[in-house]
Amino acid sequence: QAQLVESGGGSVQAGGSLRLSCAASRRIFSISDNMAWYRQAPGKQRELVAAISRRGNTNYADSAKGRFTISRDNAKNTVYLQMNSLIPEDTGVYYCYTRVGVSNYWGPGTQVTVSS
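Per the numbering used here, the very first residue in the sequence shown carries number 527; after that it's consecutive.
It is possible that part of the hints are untrue.
Derived pair list, reagent style DMTMM-like, types lysine to aspartate or glutamate, alpha-carbon separation capped at 25 Å [unchecked claim]:
1) 591 / 573
2) 591 / 559
3) 602 / 559
4) 570 / 615
Calculated from the structure, these hints are not laboratory results.
These numbers were taken from a predicted model, which means no experiment stands behind them.
Construct all of the structure, not just a fragment, from the sequences and the given hints.
So, in structure tokens, the structure goes:
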């Protein structure tokens with residue numbers, strides 16, 4: 527059973543919006559402290575985009591501040607990433623991530639493509 531599954535990616539024009547969802551297993555969601563979104567652009571390393579704690583505290587990469595919003599619905603075991611004012615540099619595969627103890631959990635990723 528997949529622990530994290532992303533959805534909501536797609537192709538949009540610059541200036542558009544997308545909302546990504548990460549559905550987590552109940553077990554993982556209940557015991558993890560932080561959930562995060564990472565992205566990997568072609569030819570680049572995976573980088574943190576945004577993270578949210580169990581209490582709802584958030585932090586963002588500088589490139590995401592003011593445009594992206596991370597949120598969580600604990601009743602649905604789901605984390606969201608609302609992305610507005612998208613630019614071509616936001617193109618990449620977006621991954622949901624959490625860590626429990628010494629175990630890292632990654633989703634399979636969802637592709638986001640922003641055209642100019």
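Here is how each hint holds up against the structure:
{"no.": "1", "hint": "591 / 573", "in the structure": "holds (14 Å)"}
{"no.": "2", "hint": "591 / 559", "in the structure": "holds (22 Å)"}
{"no.": "3", "hint": "602 / 559", "in the structure": "holds (16 Å)"}
{"no.": "4", "hint": "570 / 615", "in the structure": "holds (11 Å)"}
Violated hints: none; the structure is consistent with every hint.
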